[in-house]
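Q: Here is how the chains run, residue by residue.
Protein chains: 2
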Amino acid sequence: MPTTQSRPTLGRIQVLKASGVLAEHLREGILSGTYVVGAALPTERHLAETSGLSRASVREALRMLEVEGLLATRPGRGGGSVPQLPGHDALQRAIALFIRGRHIRFGALLEVRGAIEPPLARLAAIHRSEADLAELDAAQAGMEAAFSELPAWTEGNIRWHSAVVLASHNDLLIGFWKAIGPLRYAASGLDEPHNSPAVRSAVIGAHRRVADAIRARDGAAAERRMAHHISAYRQHIEAQTSPDTELATLE
Amino acid sequence: MPTTQSRPTLGRIQVLKASGVLAEHLREGILSGTYVVGAALPTERHLAETSGLSRASVREALRMLEVEGLLATRPGRGGGSVPQLPGHDALQRAIALFIRGRHIRFGALLEVRGAIEPPLARLAAIHRSEADLAELDAAQAGMEAAFSELPAWTEGNIRWHSAVVLASHNDLLIGFWKAIGPLRYAASGLDEPHNSPAVRSAVIGAHRRVADAIRARDGAAAERRMAHHISAYRQHIEAQTSPDTELATLE
DNA sequence: GTCAAGCTTTGGTCTGACCTTTAAATTGAC
DNA sequence: GTCAATTTAAAGGTCAGACCAAAGCTTGAC
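For the record, the sequence lines run as chains A and B. 50 is the number that our numbering gives to position 50 of the first sequence; each next residue is one higher, with no gaps. 202 is the number that our numbering gives to position 202 of the second sequence; each next residue is one higher, with no gaps.
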C-alpha cells in the first residue's frame, strides 16, 4: 500500500530517551541561569515527581550532566546535586580521552604545544596586567634561586610557563594548554633530570628575553622568542624520548 | 583523645559509586582493547549479573560512557551498547560546553583561531601528502569557479581552510580547530555576505600564496602567510561584529 | 554549655516487573 | 522454491517501591 506515498527526505528519526530530554532541560537551565550555580537542584524525588519520570530516569540524566561537568552530587542530608559551570578539569578529561582513544603520539603533543604556546606568549604581551608581570618575575626569581636544586627547578619552570600562559587571559587556549600539560610530563618522565648547568643557564636567558617582550607589550617578539625557546626544548627532548611513544593513562 | 595521633596527609577520601567503578572498568576495557570496538558489549542484564550490580547501576555507567563518546546504544533485538573510540564530535561537544559555560567572548574565539591556524599551515607544509595537495587545489579551483556565487563561495572557502588543516595530520589540533569552527560561523552570521569582489580577489591571492608554500614544504612561509591572511580576515570581521558578543547555543 | 545518641533528609542501590523497539524466525500464499 | 506478511524473541527503556548509607539537625543527659 505505501509504495507510492510521498516520501520527504527524513534521515534517521532521533528517538529521544526520557533521561536525555530531562538532561537537555537541566543543561539548558544551568547554562542559562534558571538553575543557579551553587544552589542545589530539587531533590531527585522532587524532580521525578514534577517531570513525571521515574527516579531511575532522573538519575541517568544527572549522571550525564555530572560527566559533562555541569553538576556535582553529594549524598546525605544537606547534599544534593549542585550545578556548576564546566571548568578546565572537564575539558581536560575530554581531551585526555580523545588523545588516548585516537592514539595520539607523543610527537604530536609536542607539535601542539609548539603550536599554541608562542601565540599564547603573544597574547600575554597584549593582555598582561601588572599582576601577571609580578607573577612572571616571581617565577623567574624562583627558578634562579633553585638553579642547582632539580625538583624545585622543574617546578619553577612549570610555574613560569603557567604565568606566561595565564597572562594571555584567553580562557579557551589556556584550557587547551593545561589539558596537554600533564600528558606531556607523563610521557617525558615527569621531571627533567637531563638538564646540564649550561642548559639551565640558557633557559634562564631565554625566559628573560620572553618576559622582556611581554613587559614591553611587544607581541611579535614574545611569540618569536617563545617559539625559539620551545623549539630548543623540543630538540632537547626528542633526543631522549621517541616522538612515536603512544600516550597511556593519565596520572 | 585523637589530638596527638599520627595524621598522615589524606585529602578527601574518594567515595566511589558502583556505577562509577563499573564505568571505569568498561572505559579502561574499551580503551585498552579488551572490549572490541564495534562489537556489542554484553547485555545490560548480563553485565548486571556478572558484576553483581543492579541493572539501574549498570545503566548509569553506560550513560556516562555514552556522554564520553565511548559507546553508542541502540534498542531492540540485535541492538546493544557498542564501544567506539571518542571522535571529534565528543571533543567538540565538550569544548562547546566549556565555551558556553565560561562565557567565552567571540573575540577570544577569533584569537584562538588566529593562534592555531597558522601553525596548522606550517605543519601542513611539513606533513602534507600528494592527496592533500590535490584536495587543496580542488578547493581553490572550486572557489575561483564560484567567484560570484556567494553560498558556493563561502562553502568553498571553508573547504579550502579544512584542506589546509587536514593536511597537518595532527589529529588533536585538527580537533581543536573543528570544534571552534561552527561556533565562529554561528557568531559571525553563518555566511559572509559582506565580501566585495575586491576582497574576494585578495582572498584568492592569499590562498594561492599559502598553497605554494605548502607545496614547497616551506613551513615558515606557510605559517607567515596564513597568519597574514587570517589577520586581514579578522580586521574585516571585527569591523562588523562586536568581539564582545557572547557565544550562545551551538548549531 | 557540651557532647553523645538518635532523628531526618537526601542520595545510592536493589528487585522485579512491564513496555517498546527491532531483527530474526516462522508461516503461508503463489 | 521464493518472497512477503506475520509472529516471536531479544534487546534496551521505563517504572514503582523498597531499603541502605551518609551527613546535618535535634534533643536530652550530664
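By construction, these hints were calculated from the structure, which means they are not laboratory data. The model shown is predicted, which means the values in this text are computed figures rather than measured ones. Do not rely on the hints blindly, as some may be mistaken.
[What the hints assert, rightly or not] Think about it this way: if two alpha-carbon atoms lie no more than 20 Å apart in a straight line, the pair counts; the simulated EDC-like pairs of lysine to aspartate or glutamate are:
{"#": "1", "chain 1": "A", "residue 1": "K178", "chain 2": "A", "residue 2": "E155"}
{"#": "2", "chain 1": "A", "residue 1": "K17", "chain 2": "B", "residue 2": "E44"}
{"#": "3", "chain 1": "A", "residue 1": "K178", "chain 2": "B", "residue 2": "D171"}
{"#": "4", "chain 1": "A", "residue 1": "K17", "chain 2": "A", "residue 2": "E28"}
{"#": "5", "chain 1": "B", "residue 1": "K178", "chain 2": "B", "residue 2": "E155"}
{"#": "6", "chain 1": "A", "residue 1": "K178", "chain 2": "A", "residue 2": "E149"}
{"#": "7", "chain 1": "A", "residue 1": "K178", "chain 2": "A", "residue 2": "E135"}
{"#": "8", "chain 1": "B", "residue 1": "K178", "chain 2": "A", "residue 2": "E44"}
{"#": "9", "chain 1": "A", "residue 1": "K178", "chain 2": "A", "residue 2": "E44"}
{"#": "10", "chain 1": "B", "residue 1": "K17", "chain 2": "A", "residue 2": "E135"}
{"#": "11", "chain 1": "B", "residue 1": "K17", "chain 2": "A", "residue 2": "E66"}
{"#": "12", "chain 1": "B", "residue 1": "K178", "chain 2": "B", "residue 2": "E144"}
{"#": "13", "chain 1": "A", "residue 1": "K17", "chain 2": "A", "residue 2": "D89"}
{"#": "14", "chain 1": "A", "residue 1": "K17", "chain 2": "B", "residue 2": "D171"}
{"#": "15", "chain 1": "A", "residue 1": "K178", "chain 2": "A", "residue 2": "E144"}
{"#": "16", "chain 1": "B", "residue 1": "K178", "chain 2": "B", "residue 2": "D89"}
{"#": "17", "chain 1": "B", "residue 1": "K17", "chain 2": "B", "residue 2": "D89"}
{"#": "18", "chain 1": "B", "residue 1": "K178", "chain 2": "B", "residue 2": "E135"}
[Stated by the list, open to error] The following residues of chain A were derived to be distant from chain B, with all beta-carbon distances above 12 Å:
{"#": "19", "residue": "S51"}
{"#": "20", "residue": "E66"}
{"#": "21", "residue": "S129"}
Note that beta-carbon positions come from the ideal geometry of N, C-alpha and C, so glycine has one too.
Q: CA of K178/B to CA of E155/B, is that 20 Å or under?
A: Since the Cα atoms of K178/B and E155/B sit roughly 15 Å apart, the hinted pair holds (cutoff 20 Å).
Q: Can the restraint linking K17/A and E28/A be considered satisfied, given a maximum Cα separation of 20 Å?
A: holds (17 Å)
Q: Can the restraint linking K17/B and E66/A be considered satisfied, given a maximum Cα separation of 20 Å?
A: holds (13 Å)
Q: For the pair supplied as a hint, K17/A and E44/B, confirm whether the alpha-carbon distance does not exceed 20 Å.
A: holds (17 Å)
Q: Against the 20 Å threshold, does the CA-CA distance of K178/A and E44/A hold or violate the hint?
A: violated (34 Å)
Q: Verify the proposed pairing of K17/A with D89/A, using a straight-line Cα cut of 20 Å.
A: violated (28 Å)
Q: Mind checking the alpha carbons of K178/B and E44/A for me, to see if they're no more than 20 Å apart?
A: violated (37 Å)
Q: Beyond 12 Å from chain B, beta-carbon-wise, is E66/A?
A: violated (8 Å)
Q: Given the proposed pairing of K178/B with E135/B, does the C-alpha separation stay at or below 20 Å?
A: holds (18 Å)
Q: Compare the distance between the alpha carbons of K17/B and E135/A with 20 Å, and conclude whether the hinted pair is satisfied.
A: Outside the cut-off at roughly 40 Å; violated.
Q: Take a quick look at whether K178/A and E135/A sit within 20 Å of each other, Cα to Cα.
A: holds (18 Å)
Q: Keeping to a limit of 20 Å between CA atoms, is the pair of K17/A and D171/B held or broken?
A: violated (32 Å)
Hint compliance for this structure: hints 6, 8, 9, 10, 12, 13, 14, 15, 17, 20 are not met, and every other hint is.
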